[in-house]
Amino acid sequence: MIAIIDYGIGNLKSVHNAVSFISPQTKSIVTSDPDIVSKADKVIFPGQGAMPDCILQLNKRGLKGAVIEAAKEKPFLGICLGLQMLFETSEEGDVEGFGLLPGAVKRFQLNKNERIKIPHMGWNKVHLSTSHPLWNKIDSDSRFYFVHSFYAEVANKNLVMATSTHGEEFTCAIAKDNVFAVQFHPEKSSKLGLQLLKNFISWNI
Amino acid sequence: MSVARRIIPCLDVNDGRVVKGVNFIALKDAGDPVEIAKRYNEEGADELTFLDITASSDNRGLLFDIVEKVAKQIFIPLTVGGGVRSCEDIRNLLNAGADKVGINTSAILNPDLVAESTSRFGSQAIVVAIDAKKVDDHWEVFTHGGRKASGIDAVSWAQKMAELGAGELLITSMDRDGTKKGFDNILMKIISDIVEVPIIASGGVGNLQHLVDGVKDGGADAVLAASIFHYGEFTIKEAKQYMIENNIEIRL
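Quick mapping for you: the protein sequence lines, in order, are chains A and B.
The first sequence runs 1 to 205 under the working numbering.
The second sequence runs 1001 to 1252 under the working numbering.
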């Protein structure tokens, strides 16, 4: 069973819809129950909205501990804010994340030389840094759908699985042991996004 | 290398059916929103927008079924707008599977709705739609489908909406809408330069060059069109090919 963490913000149904579409036999539950998260075989942690709100809502539902435990021991896929939450600190509201990975979350800066828009919204190229089971059947420089204003600056470059460019290059996918996390939205990235979710469903550690 | 400009077909939905002719060959049911959405997705649409123009509130619920069905089969961003009045309306649409909800007239009547909804659901979920018409030497915001002048300056309104947290602005020129003369790129450019958030240009597309102009002259991050796609004049694929030939970054 795959638990999809629900902390009350954003469109979580789309992740559930995508998992059901590609693998009807896989049981997936959108949940804010820590017990279900603990019992799940795999966990998807999608995120939207602002990091301070996410922390507040996780605490309110008593979910923070269960999510951190899951990220330490079972196949775990973080999406968007679900990637950013894994790091130590964030400029967004000056809050602390889970602190599971070394690095800080920063906001895109408007750049005088190149016009960029914030949020970074739309289909951008994802440049693969290294091979990984979750990149199975996905070519480097394919486009995925992004929508975010913050990104993780990763202190340990060995964790970087892919980069993208919005004004400047930034890390858009990371992995460590049982954790894989992406800044883009696979559930909104058409065929290749579904391929990544398929790869997660069949990922054995 | 950077983020691709987006092409967004817009579907007007009335009483649960897509209106305006949809000219797809081999489409079993030309008015079925789900089938049309699927086709646009296959052609490479970067997002889909559903605009509910249902007059009677009795039939508004039909839109939720459509969004739900589309969201189960199509995995690109879905924006839904039309008649959105409250945070409750927004939540219901997000729960049905919309990724973004468009607010238009309600933002004018109640600007707090923008601030409240963006803080509750995140900026990424809220698109503020602005219908603008040129009045003397400036542009004014019009409401109720372009029938009512609000007296508000469109450029400063765009700025205010971005400041209140809108994740994106959909700018429709009421002077150009339906004319097939192209976007009002002067207006687009002024707003695009002044706000940090992406803008979607809308109103007036009659050919593929208009899409290119919207990006190059208007500075639009995304271009929205209805009739050129619905009436089968051009496919999304052709539009994308044309934009690539004009050196615009596009997702194929």
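Rather than coming from a laboratory, the hints here were simulated on the basis of the structure.
Keep in mind that a hint or two might mislead.
As the list claims (entries may be wrong) - Stretch-level coverage of chain A by chain B, calculated; a stretch enters the list once three of its residues show a Cβ under 8 angstroms from a Cβ in chain B:
#, region
1, 43 to 55
2, 143 to 150
To be verified - Below are the BS3-like pairs computed for lysine-lysine, each with C-alpha atoms no more than 30 angstroms apart in a straight line:
#, chain 1, residue 1, chain 2, residue 2
3, B, LYS1237, A, LYS125
4, B, LYS1216, B, LYS1180
5, A, LYS27, B, LYS1216
6, B, LYS1237, A, LYS198
7, B, LYS1189, A, LYS125
8, B, LYS1180, A, LYS106
9, B, LYS1181, A, LYS39
10, A, LYS112, B, LYS1038
11, B, LYS1072, B, LYS1134
12, A, LYS137, B, LYS1072
13, A, LYS60, A, LYS27
14, A, LYS176, A, LYS191
15, A, LYS198, B, LYS1038
16, B, LYS1181, B, LYS1134
17, B, LYS1189, A, LYS74
18, A, LYS198, A, LYS39
19, B, LYS1237, A, LYS191
20, A, LYS125, B, LYS1134
21, B, LYS1160, A, LYS27
Glycine included, every Cβ here is placed at the ideal spot set by N, Cα and C.
>> Hints numbered earlier in the text: which of these fail when held up against the supplied structure?
In response: Violated hints: 5, 8, 9, 10, 11, 17, 20, 21; rest satisfied.
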